[in-house]
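Protein chains: 2
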Amino acid sequence: MKPIIQDIFRGLTFTDDELLQISGKLHKTSILRKEHLIEPGKDVNHFYYIHAGCLRTYFIDPAGKEHTLQFAIKGWWTSDYIALFGKGDTKSVAYIECIQDATLYKVAKSDFDELCREIPKVSRFHVQNLESAFAAFQRRILENLMLSAKERYIAFVQAYPNIEQSVKNYHIASYLGITTESLSRIRRNIALD
Amino acid sequence: MKPIIQDIFRGLTFTDDELLQISGKLHKTSILRKEHLIEPGKDVNHFYYIHAGCLRTYFIDPAGKEHTLQFAIKGWWTSDYIALFGKGDTKSVAYIECIQDATLYKVAKSDFDELCREIPKVSRFHVQNLESAFAAFQRRILENLMLSAKERYIAFVQAYPNIEQSVKNYHIASYLGITTESLSRIRRNIALD
DNA sequence: TTGATTTCTTACCCTACGTCAATTTTTACG
DNA sequence: CGTAAAAATTGACGTAGGGTAAGAAATCAA
Numbered sequence: 493m494k495p496i497i498q499d500i501f502r503g504l505t506f507t508d509d510e511l512l513q514i515s516g517k518l519h520k521t522s523i524l525r526k527e528h529l530i531e532p533g534k535d536v537n538h539f540y541y542i543h544a545g546c547l548r549t550y551f552i553d554p555a556g557k558e559h560t561l562q563f564a565i566k567g568w569w570t571s572d573y574i575a576l577f578g579k580g581d582t583k584s585v586a587y588i589e590c591i592q593d594a595t596l597y598k599v600a601k602s603d604f605d606e607l608c609r610e611i612p613k614v615s616r617f618h619v620q621n622l623e624s625a626f627a628a629f630q631r632r633i634l635e636n637l638m639l640s641a642k643e644r645y646i647a648f649v650q651a652y653p654n655i656e657q658s659v660k661n662y663h664i665a666s667y668l669g670i671t672t673e674s675l676s677r678i679r680r681n682i683a684l685d
Numbered sequence: 493m494k495p496i497i498q499d500i501f502r503g504l505t506f507t508d509d510e511l512l513q514i515s516g517k518l519h520k521t522s523i524l525r526k527e528h529l530i531e532p533g534k535d536v537n538h539f540y541y542i543h544a545g546c547l548r549t550y551f552i553d554p555a556g557k558e559h560t561l562q563f564a565i566k567g568w569w570t571s572d573y574i575a576l577f578g579k580g581d582t583k584s585v586a587y588i589e590c591i592q593d594a595t596l597y598k599v600a601k602s603d604f605d606e607l608c609r610e611i612p613k614v615s616r617f618h619v620q621n622l623e624s625a626f627a628a629f630q631r632r633i634l635e636n637l638m639l640s641a642k643e644r645y646i647a648f649v650q651a652y653p654n655i656e657q658s659v660k661n662y663h664i665a666s667y668l669g670i671t672t673e674s675l676s677r678i679r680r681n682i683a684l685d
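Sequence order for the protein chains is A and B. Residue numbering for the first sequence follows this note's numbering, beginning at 493 and increasing consecutively. Residue numbering for the second sequence follows this note's numbering, beginning at 493 and increasing consecutively.
Hints are computed from structural coordinates only; laboratory data are not their basis. Keep in mind that the hints are not guaranteed to be accurate.
Because identical chains cannot be distinguished in the list, a pair is counted as satisfied if it fits within a single copy or across any two copies.
Listed below are the simulated DSSO-like cross-link pairs for lysine-lysine, each with C-alpha atoms no more than 30 Å apart in a straight line [unchecked claim]:
(1) Lys517 <-> Lys642
(2) Lys642 <-> Lys598
(3) Lys598 <-> Lys579
(4) Lys534 <-> Lys660
(5) Lys534 <-> Lys579
All chains should be built: construct the whole structure from the sequences, respecting the hints.
Here it is, written out as structure tokens:
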């Protein structure tokens with residue numbers, strides 16, 4: 493378990509006692525392509541750390557259209573944060589789908605909060621991550637405001653360089669906020685430079 | 493100073509000693525309409541708590557167009573979080589403009605981090621706020637993906653019910669990612685229901 | 001391998017929103 | 001106040017991206 497913990501909390505070093513505390517709260521799971529980790533209406537109480545594989549978080553709007561909020565790859569965390577961090581109840585409103593066979597380590601939010609209280613450096617680690625995420629979200633919102641669909645696609649490919657293999661075209665389109673057809677046109681347009 | 497601290501950290505109660513620690517790090521400022529709190533290139537080291545008034549954070553893209561990232565009103569914090577929380581240096585890339593005469597309380601990020609270390613409940617308060625913001629950002633990204641300009645405008649008016657007086661129409665347009673002209677047409681369209 | 005299913009591309013037309021320019025309305029200020 | 005400046009509206013027209021439908025290509029399953 494130790495190597496995984498050090499993988500998860502990169503940059504931190506723990507005493508044997510702390511390692512024990514943490515590993516008691518960390519549970520290995522795996523999930524296969526096309527299976528769903530989370531679906532609307534289900535209770536959400538965990539964070540999931542991705543040790544291998546790839547998942548995507550998406551929503552379905554009243555018109556039945558999918559909207560991809562994020563892809564999560566090796567080394568990232570995922571969950572339905574709207575349910576987990578939001579004020580309301582903890583019922584999910586999102587789908588989290590496995591798009592490449594994955595190995596996950598899950599921690600209950602309540603267990604994680606406990607770890608934060610018991611081990612201050614875990615708390616600081618969490619704050620640090622939340623702050624980075626905060627900046628990253630602002631950048632994404634700006635990117636959506638400032639860039640055209642073509643520019644956003646180019647930015648996406650740069651941000652997730654090796655994801656294109658595992659991800660369907662329509663996943664990317666729904667992440668960028670356009671249709672597959674438009675994405676197809678954009679790709680052709682880029683190709684003939 | 494005590495009433496302001498209790499206003500800022502709603503829900504927490506502090507000992508006299510803690511109040512002293514906090515008030516030593518909190519500095520009152522005020523700013524007038526049309527002045528800028530932050531401009532690109534300036535160093536950003538503080539959070540600003542808004543006790544009264546209204547500010548907006550915006551960016552100017554290479555084409556010279558403004559994009560409003562957020563409005564900050566009484567009871568909110570503001571800063572250039574991309575600079576303050578991002579990995580890179582602390583030079584601002586944003587403008588923060590006062591759009592209604594404001595009274596602010598500022599804290600240096602380094603002082604705030606110190607408070608978090610010294611007073612655990614402040615740290616928990618911060619984590620709680622970051623987590624809510626995290627969920628809120630996801631909701632905003634989704635809203636941008638799912639809703640039409642008209643629907644986003646309606647959502648905006650509901651989210652900031654009494655802001656319309658102080659905010660220019662083109663501020664709202666640049667927040668919604670549309671032009672003033674489009675916003676004008678949307679408003680007319682809504683009027684004749 | 002081959003047929004079936006899923007995904008991607010292309011073509012056609014349509015719509016929401018952008019651009020430009022003129023006009024009216026509102027706000028600021030001497 | 002009245003005038004200038006700023007903001008909002010309107011109209012004519014352009015364009016990015018959407019909707020639909022059909023075919024091509026890739027992937028899967030047996």
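The hints, checked one at a time:
no. : hint              : verdict
1   : Lys517 <-> Lys642 : neither (43 Å within a copy, 46 Å between copies)
2   : Lys642 <-> Lys598 : neither (36 Å within a copy, 40 Å between copies)
3   : Lys598 <-> Lys579 : both (22 Å within a copy, 27 Å between copies)
4   : Lys534 <-> Lys660 : within (26 Å within a copy, 42 Å between copies)
5   : Lys534 <-> Lys579 : within (17 Å within a copy, 35 Å between copies)
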